[in-house]
Amino acid sequence: MTEQSAVEVIVERRQAPIDYIDRTREQYSGLGYPPYAWTHSEDAPPWTEVPGPLSELRLGVIATGGIYRAGQTAFTYKDDTTYRAIPTDVAAEELRATHFAYDLTDARDDINVVFPIDTLRALVAEGRVGELGPNFYTCMGGIYSQRRVSEELAPALVERCLADELDVVLLVPV
Amino acid sequence: MCHQTVGLIARQLEAAGIPTVCLTSARDITRAVNPPRAAFLDFPLGHTSGRPHQPELNREIVSDALRAFEVLTVPGSMLHLRYHWADDDSWKDGVMRPASDTGEDASGAKAADDRVERFDTPQYQCDADAEAAEASHGSADCMVCAGIDY
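Protein chains in written order, with our numbering: chain A, 1 to 174; chain B, 1 to 150.
Not one of these hints is a red herring.
Simulated restraints, written as ranges between beta carbons of each label pair:
| id | chain 1 | residue 1 | chain 2 | residue 2 | range |
| --- | --- | --- | --- | --- | --- |
| 1 | B | Arg118 | A | Arg23 | 17 to 27 Å |
| 2 | B | Val74 | A | Pro53 | 14 to 24 Å |
| 3 | A | Gly52 | B | Ala15 | 16 to 26 Å |
Partial chain B-side listing against chain A, Cβ under 10 Å, derived:
| id | residue |
| --- | --- |
| 4 | Met1 |
| 5 | Val6 |
| 6 | Asp28 |
| 7 | Ala39 |
| 8 | Gly46 |
| 9 | Gln54 |
| 10 | Pro75 |
| 11 | Arg115 |
| 12 | Asp120 |
| 13 | Ala135 |
Covered by chain B, according to a simulated footprint, are these stretches of chain A (three or more residues, beta-carbon under 8 Å):
| id | stretch |
| --- | --- |
| 14 | 90-99 |
| 15 | 110-117 |
The hints are simulated quantities; they were obtained by calculation from the structure and are not laboratory data. For glycine and all other residues, C-beta sits at the position ideal for the given N, C-alpha and C.
Let the hints inform the model, and build the full structure from the sequences given.
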């Protein structure tokens with residue numbers, strides 16, 4: 001087999017990214033429910049220039065995988081718009097994941113698959129990132145009400161990120 | 001839906017003066033919400049920042065995703081990361097689809113609803129966590145109330 005045909009075989013085995021909006025519509029329709037009205041933002045998103053090289057900046061994380069620290073109250077599965085502050089020096093073994101919409105097996109085996117805490121501490125140690133904020137924030141992303149996300153959860157998190165004087169924020173959905 | 005939520009939060013953070021990057025494994029949902037910067041990782045949901053017990057790979061993935069802060073200059077653009085979940089993409093075939101040839105069966109009955117019930121009480125990973133939260137709540141240094149904004 002030549003090099004060229006090997007490449008063609010690989011290309012054929014790749015699929016386009018999954019269209020989750022289509023598959024959700026199919027699933028809801030199969031169950032007899034009307035389609036969910038997803039957010040479609042036609043307007044250009046707001047934009048803030050990155051203030052310097054990443055190696056000099058303070059980074060925060062907001063993750064939606066239903067992650068809490070042992071000792072904290074877990075999230076509910078019904079439009080929970082609360083959040084949890086997780087200190088960035090936490091031991092990864094103290095972190096838990098509960099969620100209704102994804103397979104938790106790997107997250108419970110190694111939380112870094114949905115909450116890159118050890119990963120980012122390593123990136124700080126090697127100088128790729130300047131420092132981490134005092135807390136990472138977690139919430140339950142599976143909130144049907146976009147209004148409640150925009151009016152309750154998002155403003156509360158913005159306030160915390162400003163108070164932590166974060167330079168940049170990485171958001172990790174599930 | 002998580003992807004929609006983070007997109008909405010990212011837009012508010014950016015408007016408040018904090019640059020953001022949204023990781024995403026659901027490209028279409030992220031495109032619809034249109035956050036300022038995104039980095040797409042074509043992995044199954046539940047692995048947005050890597051694979052279990054592969055710290056070196058995960059460091060590469062997240063480091064590459066952070067490049068979105070450095071290279072994206074047009075609001076609403078998305079970086080595509082170079083990683084694949086498996087040698088082929090057959091894992092995508094069964095996602096959110098019935099395990100067998102169901103859907104509606106011959107009698108026209110609705111498909112079985114195998115989604116997790118939306119419980120409105122805290123869903124602990126284990127019973128010990130519920131007890132720990134209760135114990136913590138009674139102490140002076142309450143971990144339960146810290147971080148919950150009711």
